Structures are given as C-alpha cells and as structure tokens.
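Enquirer: With chain C fixed as given, assemble chain U onto it according to the hints.
The residues making up each chain are set out below.
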Amino acid sequence: MIEKGKISGMQMGFMMYPTVVSTAILMVPSVTEKYAHNDLWISTLLASLVGFISMYIAYQLHRLYPNQTVIQYSVHIIPRLAGKVLGLLFLFFYLHSTGAVVREYADFISDAFLPQTPMIFIASSLLLLSAFSVRYGVESVARSAFIFTIIFAFPVIFLLLLIPDLTPGNILPVMEHGILPSLRGAIVPQSWFSEFFMISFFLPFLSDIRKGRKWGLISVFAAMISLTTINLTILLLFGDRVSGMSYPVLNAFRYIRMGVFFENFEAIIMAIWILGNFVKVSVFYYSASLGLAQWLNLKDIKPVVLPLGILIIIFAYWSLPSFQDVTYYLTGTFAYYGPLMQTIIPACLLSIAFVRRKRPSSS
Amino acid sequence: MRNLHRLLGQSKKPYFRSVQQPSRAATTSPLSNDQQTNVETLRKIYSNSVDVVFRSFLIGGKTQATLIYIEGLSDTEEINTNLLRPLMEEFEEGLSLRQLFEKKVNISKIDALSTYEDCVEALSVGKPVLFHEGDSSGYALGLNRWDKRAIEEPEAEAGIRGPREGFTETISVSTAQLRRIIKSPALKIEPVKIGSYTQTQVLISYVEGIVDKNILEEVRTRLSRIEIDGVLESSYVEEMIEDNPFSPFPQVKTTERPDTACNAILEGRVAILTEGTPFVLIVPTTLFSLLQSQEDYYQRFLISTLIRWLRYTFVTLSMLLPSLYVAILTFHLEMVPTSLLITMSASRESVPFPALVEALLMEVTFEVLREAGVRLPKQVGAAVSIVGALVIGQAAVQAGIVSAPMVIVVAITGIASFMVPRYNIGIAFRILRFPVMFLAGALGLLGIMLGLIAILIHLCNLRSFGIPYLSPIAPFRSADLKDVAMRAPWWMMNTRPHQTEEEFNQYRQAPAQKPGPDRNK
Chain C
1 MIEKGKISGM
11 QMGFMMYPTV
21 VSTAILMVPS
31 VTEKYAHNDL
41 WISTLLASLV
51 GFISMYIAYQ
61 LHRLYPNQTV
71 IQYSVHIIPR
81 LAGKVLGLLF
91 LFFYLHSTGA
101 VVREYADFIS
111 DAFLPQTPMI
121 FIASSLLLLS
131 AFSVRYGVES
141 VARSAFIFTI
151 IFAFPVIFLL
161 LLIPDLTPGN
171 ILPVMEHGIL
181 PSLRGAIVPQ
191 SWFSEFFMIS
201 FFLPFLSDIR
211 KGRKWGLISV
221 FAAMISLTTI
231 NLTILLLFGD
241 RVSGMSYPVL
251 NAFRYIRMGV
261 FFENFEAIIM
271 AIWILGNFVK
281 VSVFYYSASL
291 GLAQWLNLKD
301 IKPVVLPLGI
311 LIIIFAYWSL
321 PSFQDVTYYL
331 TGTFAYYGPL
341 MQTIIPACLL
351 SIAFVRRKRP
361 SSS
Chain U
1 MRNLHRLLGQ
11 SKKPYFRSVQ
21 QPSRAATTSP
31 LSNDQQTNVE
41 TLRKIYSNSV
51 DVVFRSFLIG
61 GKTQATLIYI
71 EGLSDTEEIN
81 TNLLRPLMEE
91 FEEGLSLRQL
101 FEKKVNISKI
111 DALSTYEDCV
121 EALSVGKPVL
131 FHEGDSSGYA
141 LGLNRWDKRA
151 IEEPEAEAGI
161 RGPREGFTET
171 ISVSTAQLRR
181 IIKSPALKIE
191 PVKIGSYTQT
201 QVLISYVEGI
211 VDKNILEEVR
221 TRLSRIEIDG
231 VLESSYVEEM
241 IEDNPFSPFP
251 QVKTTERPDT
261 ACNAILEGRV
271 AILTEGTPFV
281 LIVPTTLFSL
291 LQSQEDYYQR
301 FLISTLIRWL
311 RYTFVTLSML
321 LPSLYVAILT
331 FHLEMVPTSL
341 LITMSASRES
351 VPFPALVEAL
361 LMEVTFEVLR
371 EAGVRLPKQV
381 GAAVSIVGAL
391 VIGQAAVQAG
401 IVSAPMVIVV
411 AITGIASFMV
421 PRYNIGIAFR
431 ILRFPVMFLA
441 GALGLLGIML
451 GLIAILIHLC
461 NLRSFGIPYL
471 SPIAPFRSAD
481 LKDVAMRAPW
491 WMMNTRPHQT
501 EEEFNQYRQA
511 PAQKPGPDRN
521 K
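The listed protein sequences derive, respectively, from chains C and U.
Counting in UniProt numbering, the first sequence runs without a single skipped number right up to 363 at its last residue.
Counting in UniProt numbering, the second sequence runs without a single skipped number right up to 521 at its last residue.
For the record, the hints were derived by calculation from the structure and aren't laboratory data.
Take every hint as true, because none was put in to throw you off.
Covered stretches of chain U, as calculated for chain C (at least 3 residues, CB under 8 Å):
1) 329 to 337
2) 435 to 445
3) 449 to 456
4) 471 to 484
All figures in this text were calculated on a predicted structure; none of them were measured in a lab.
We put the CB at the ideal spot given by N, CA and C, even for glycine.
Pulled out of the complex, with its shape left as it was, chain C reads as follows (with noise of 0.2 Å):
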C-alpha cells in the first residue's frame, strides 16, 4: 500500500466542501445567470444531483473493490490493457484539471489583488505549498483541509450583513419560461458537482467507511446550500446587473460595509478564499499524485510530487494561454469534460463491474 495514513470520514467530507466550492463560488452565480436568468437558484439545485449521483458511483465502485482507487480497480473491471489507457486518461484528466484550478487561482488574484506581480509567481508559490503537504500523504491533506475549510466557511457570516441590501423582489418570477433555463443553466455547475467523485480517491483510508458514506452526502449538501444561497443572495443584491460582472461574489462583499468604519471586506474574503483554493489544489494534486504512483505501480508517492508540480504548471499555462481560454474551458469545455470522466465512465465501469460480478464464471 502506497499510503499509510488513515482519515475519518469528518475529514474527507470536510476535504471535499472547498474542493466544489471553492473555485464554484466565484464562477458559478454568473454562468448561471447568464443562462436561467432569475432561476439561477434553481439550477444549482438541480446540479448537485450529478454530485449525489457521481458519490452514489463511487461508493458503489468502493464497496465492489475496497482498498483500491479508481486507477487500480480499472484494470479489473475492464481488460487489463484498457483498464491501463483508461488509468491514464484519468491522471490526464486530472493533470489538466489540476492545472486549470491552478491557473484560475492565479488569474483571479493577480486579476483582483496583485496585478504587477507575475502571474507564475502566484501559481507556483501555491503548488509549492501544496506540493509540501502532498509529500507528507493523505493524513496531512485532511489535516489541513480541516483547519482551512473551518476558516474558509467562515465567511458566511459576513453575508448576513448584505440583508438589509436585499430587496426579495428579484426573485419574481418564478420559473417564467419553465424549467428548461434553469437546466441549461445547470450544465456549468454540475460539472463541479461531478467532482465528488474524488472521494474515490479517498474511500481507501477511511478508517470508518459508513461514516465516510454520511459524510459524503453532508458534504454535497453543504455544497448544493451554499451554492444555492450565494446565487440567492447575489440575485437579491444586484438582480439583473450580475451578467456584466465576472465575479459576482466579490462585488457583493465590496458591498459590505460594518458600522461606519469597517469596509472593503474583499481583501480579507481573498486571503481566505486562498485557503479554500489551497485545500482545492492539494486534495485534486494529491488525488493526481496517488494515481500516479499506483498507475506505474510505485511503493511511494513522494518520486512523482514534484514532477508532477511542474507539469501542472505546464499544463496551466500550455493548456490555457489566456483569461478567455480558462473563462471558455470552465464555462464551456469542462461543462461536457468534466462529467464525462468523472460521472459518464465511472457509472460504465459500475456498470460493468456489476454484470461481471453477476456472472463471475466468464471473468
């Protein structure tokens, strides 16, 4: 076994929360809108059902072949060969993903923070960091997600200082043109509901699976109400204004004011959303290192962290050169790649793994 630590299910929940909505938050209340107009509520409702349905999968694919990631048991649910190229268009995936997140994070804080500095600078200080924990394995990833997650919720509060600003009016009307807007509008966020299911990454080490099963589903609720409130809480502020803006929530917490004399939250809403995004990078690295390392059948992660560091990089300055690319792969590529790998194949697999476990004489 590549990894000796063990985490409790608390943990792994407390992981997966800023790894949705962490990057989410900043993007989602705009696509949206630009889709469901004032149903934008609705459709991160109806998106977190990929998220149930892509942790229904993997806790299912956990339960047939415990102990073992999706890179491992890929090549026993499918020919071994395939299992192998299907493995490796998983780490791809997650490669690329990796980077993207890396390059949003980038693009956001030197967009909205720290315009002069270079934006490598920015994105490889993280990775480093993240590097650092990811080395130490899956313990100090959970670890430190806790910590960083109880922060990085935190800032909840400070919305409640926006209801006097509300005006609840801009809900109405309701569901004006159907259910359809507020689906088309669903086709970004499910995607990062689709992330959920990395816990299949980490099912191995829980060292209580039931509780990993609860925490899970806590988890994509905690997800669906946030998202769901912010995208309320940025439809009552601004109502129609959001399409113009890139990152809505930023605007609403420029809105904030404390007292007469508190203002311009936004710095610190950014330093904590760093953590969020830390937690993010570490758990979609580490989940690309520990594949890795099983793929090519390693004893150790700590040989591919690094390496693998710097192909993120590469990946998220190669695979998106410019602000428009990631807006255009976020909004529109990952829409379609994103559940495809980790919801559409990991329910084939199921799928098969099921009927093969059904008939286990022709395996």
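Expert: Just chain U, lined up with the frame of chain C:
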C-alpha cells in the same frame, strides 16, 4: 550531508567511544580481599583529587580500616559521632564487624559493595565507603548530605492562585514533591543514568494504568539511546529526544512546578526529571497544552475560558500583527477607514523607510531590548527600560525614524507575546514573525496566507512522541475540545485527553457531578 553530520558532531567513528570512558574498564573489576589493595586502587582512580578524603583508623585499636568520602558531599559530623566514635571507642571484644554494624553503628542505610564501580558510584553521590582488614567487600554508608537550595516559588511560572512551590535542583526533593501530591503507589519513578562523565540521574515518572504503554516504551528507548558526556540541564535531554529537531515549535513541555507536572502525569503523560535542574520535561505534548497555563484550572472556569480565548487571539496576533500592518500599508490601503488613513499617512510622511523596513527595525529593536533585559543584573535593568522607552516610543517618532502607528503595533505585539504562558512556545511565534513579515512585504495578505498555510501544514505533520501536535483539532476529537476550545468546569471533565489510537483508561471521574442544591435529592 555526511560533512554536515561531522560538523554537528554526530560522527559514528569508534575513537569517540574510546575517549569517552577511559576509566570504566579499570573500575568494573571486583574488589580484592586485601584492604590495602582496594584503598590503593581507589587512590589511583581518584588521583589528583584533593576533595577525596582517605581516613585510616583502627577499629577497636586493632583492625586496620579506611574510610573514604568526598568533602562537601557527606555529613562529617555524622561520620564523627555515629561512625568513627562507635567503631573506635565502643568496640567490644568478640564481635565481628557485621555484628558491630548491627549493634553499634546507628546509620539508617548501609550497603555492601563488591566492585570498584559500585564504590565510585557510592562515593560520587556522597556516601562514604568503608574498607577494613579481612573483608572483601566495602560498605557504603548513607551519610550523604550536601547543601541545597530551599524550595521557592518558581519565578518563570508565577500565578495568582495555586501552590507556590517549585522544583529545585535536587532530584530527591523533586521526587518527594511529586510523591506528596500523588500518594498512590501507582506513581512510578524509573531511573536512567545519562552522561558518561556527569552520570546524571534522569527519572521517568508516570502513573501506571493511566499512561499509554507505547508512549512510555518510546520514552524509555529514546532516553536509553542518548550517549553524551554530560547533561547539565534538561534541555540536553530535550534536544536528544525530540521528534523534529528542526521545527521552531517545541515538542516537549517544560515546567518547574510540581502541580503542573502532576497534572500532566494524571492526564497520562510522562514527566522526565533531570538531576541538577528544576525544569521537568513533559511528553507527549501538543500545541494547545503548551498554550495552557496551570492557573487556568485554578480560577473558575468562566474566566479561564475567556482568558484562553483572549490568549489564542493574542498569540496569533503576536505572530501576525506587524505583518498585517506591513501588508495593509503596502498593498491594501483601501481597507483602512478613510479618517484613520489620513492621520496615518500624515504621521508616515516624515518617515523615510517603507513599512517593511520600519517594522523590521522596530521588531528587531524590541527583541534586542527583551533579550538584553533577560540577562542583565537587576541593578542595570532599570537603565535598559529607560533607554528602551526612548527607542520604542515618542522619541523615536519625533526623530522621524518611525511612525506613531508602528510604535503602537510593536507595543501591542510585545504585550501580546507576553500572553503566551510558556517561554518555549513563545519563541516559536517570535521566530516565525519575521519570515511572515517578509512575505507580507512581498505579497501582502496573500503572502501572510501562504506563510500561515506553510506553518499549518508543518503543524499538521508535527508529532510529539507519536501524538499529532495539533490534536484534538487535527485530527479532530470532539471529546477533547472541552479542555482546548474552553476550560470546562471540573464536573464536566469526565474523560482524559486521548493520546493514541489504543484503548486507554478513559474516565477520570464519575459522571453527572454537577453541583447544586438539588444534587443529592
């Protein structure tokens, strides 16, 4: 890397060992039958040592005998009245020496010795050794007594309420202090000798049945691994048994209060007492146990809880406040309320330095002042505080070297760092303040966050004798939060803190002891 080891003196070359213990080989041989030979050999072992006294006399005017002791370690009055006088004057015919000891010598403890090594050991702890004609063994007499400091209030760990006694340098007094608090025979005190020259006695103390066996075993192995020529303070032991010697965070708790040591022992930890120092080591330890003061348990739980929250806040501030100042002034000016910004800008107008340099200047000055104050004789101390007030104060502002807000930041940071109840954990935050300041100067709040992330990852992976340093937060144990997130009242402290994954003696008291007028109805 190999060269580094050599530099650090961890060479595994065998010459080290041969230098280390030259006299051992000579001393392990058994005592001879001849009294004269024994005395001569010991004379040779203690050659050129003026403090070793060899006193020859005749027992009852007949039998040749020699008494050896080290001046200052043995009670010469007792030797005169209770040993020499009976042996020389009250001798009765027909008594063997052994009978003589039984009948005439009123000394509570007499041990027979069979090797030179035993003799040396007895002498070195102050027991006089007696040889006499016709007996192949020597006798160590329990007449050791040396001057020791009286028990005093520990100055580094003062408090308002609670016992006022502290450990002293004498280890037998320290063990007695522990035993006086924990009277149960389950309190065990195991000896280890460390230091090939100092032969320092180190004691492992724990309560059987509460302590985790794996931790205890780990303590024993780590202590037995130490090969060093001398232990002058428990810090020698501490540095040799740490889990991560490069971490700025101490992984061992030190205390000079018996009540703190006993509290730790009752929580299932192990106390390591070292001869010659009042500072006792406590392992395993966690970050939060280092941030607790023993007095938290002596004040009522409400105020203790509030003080803990205040302490956590200000400990964080002591590390971050200068960095926040630098980051906000350099990168995030918009966060400062406008009216404040105007006054701040006005006061910074005459200052030639950027915020980072200003902060570094002041923080280093503060550290210098603090360090100068610690080691100064008391008479000179007043001078330092007068000059210090000038350097960090109005004079510096008027001279245009620093701005007034910076002085306030340094002052708050200084006071905040005094909120840390233990000196050794305060050091970690003092050290880390500086790299975080540089990060803040370079990247603003982002830099502070990156620094914090790095520190937290390090803390998440740090262990003290196998126990995660951040427990019970990461890994999370809700039952142990009662003594970390707050200080629960004693009637709620039903369980001991969790140490390892193993089964442990969980309950320390009966449940449902909440007091009140209706309790026994």
